[in-house]
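Chains as they are written, first to last, in my numbering: chain A, 1 to 114; chain B, 1 to 113.
Careful, some of the hints might be misleading.
Straight line, CA to CA, 25 Å or less: simulated BS3-like cross-link-like pairs of lysine-lysine [unchecked claim]:
id, chain 1, residue 1, chain 2, residue 2
1, A, Lys57, B, Lys95
2, B, Lys37, B, Lys22
3, A, Lys57, B, Lys22
4, B, Lys22, B, Lys105
5, B, Lys58, A, Lys9
6, A, Lys9, B, Lys105
7, A, Lys9, B, Lys42
8, B, Lys71, B, Lys22
9, B, Lys68, B, Lys42
10, A, Lys71, B, Lys105
Partner residues are not named here, just some residues of chain A that face chain B (Cβ under 8 Å, in silico) [to be verified]:
id, residue
11, Tyr48
12, Gly106
13, Gly108
14, Leu111
Anything over 12 Å on all C-beta distances counts as not near chain A; from chain B, calculated [unchecked claim]:
id, residue
15, Gln6
16, Ser9
17, Glu15
18, Ser18
19, Asn31
20, Glu56
21, Ser74
22, Asn102
Hints were generated in silico from the structure; no laboratory data involved.
Quick reminder that beta carbons are idealized off the backbone N, C-alpha and C, glycines included.
Below are the chains, spelled out letter by letter.
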Amino acid sequence: NAGVTQTPKFQVLKTGQSMTLQCAQDMNHNSMYWYRQDPGMGLRLIYYSASEGTTDKGEVPNGYNVSRLNKREFSLRLESAAPSQTSVYFCASSYSPGLQETQYFGPGTRLLVL
Amino acid sequence: GENVEQHPSTLSVQEGDSAVIKCTYSDSASNYFPWYKQELGKGPQLIIDIRSNVGEKKDQRIAVTLNKTAKHFSLHITETQPEDSAVYFCAASIKNSGYALNFGKGTSLLVTP
């Protein structure tokens, strides 16, 4: 039982390049989330998926898109990377809203945009 | 989005002393308040949580108190140990969001032997 896994662990991009961050969970969780963490800013919600087939914007969605591929997988795409998107990205999942809210986090993807 | 304010940003205590971290939130619809511990290079890990129908919860050396009227909640760690050194985040649930969370900016706790 791996929990929440994220790939890649590290990535360096040039401005304007695109990439997709992958996230998968094996806990049969309904809800999944993407956060970014910047120094002194805590974690900020980018997008979330309350259940398979639904996605919604969080606090900082600009410049990102997401896909809930199936119940296990939730990907985050940067179409045209900018230096302001240099950050650590965390994926999280939880069982079901209103029942068990505990979010379990992945190890993170460290992204540097030059 | 709605704000979660967390204080202090850094905290240094001696081993065996207590540590207290305080948070306030603005969204009156928030009803779930977890605390996470993050070690260097790792993802946040839940250490304790509290729901709005409870005023206090304790788990061994860790306790959390919630005052819904005043919209603040606190983390108390007693008999601190060097392995408690980490960054701690408070969070509050976001209404109608699948229980996504608004996080505080974190408290870096250092426990010195």
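Structure-based check of all given hints:
no.	hint	result
1	Lys57/A <-> Lys95/B	holds, 13 Å
2	Lys37/B <-> Lys22/B	holds, 14 Å
3	Lys57/A <-> Lys22/B	violated, 28 Å
4	Lys22/B <-> Lys105/B	holds, 12 Å
5	Lys58/B <-> Lys9/A	violated, 35 Å
6	Lys9/A <-> Lys105/B	holds, 23 Å
7	Lys9/A <-> Lys42/B	holds, 11 Å
8	Lys71/B <-> Lys22/B	holds, 11 Å
9	Lys68/B <-> Lys42/B	violated, 31 Å
10	Lys71/A <-> Lys105/B	violated, 30 Å
11	Tyr48	holds, 5 Å
12	Gly106	holds, 6 Å
13	Gly108	holds, 5 Å
14	Leu111	violated, 15 Å
15	Gln6	violated, 8 Å
16	Ser9	violated, 8 Å
17	Glu15	holds, 27 Å
18	Ser18	holds, 24 Å
19	Asn31	violated, 9 Å
20	Glu56	holds, 19 Å
21	Ser74	holds, 17 Å
22	Asn102	violated, 7 Å
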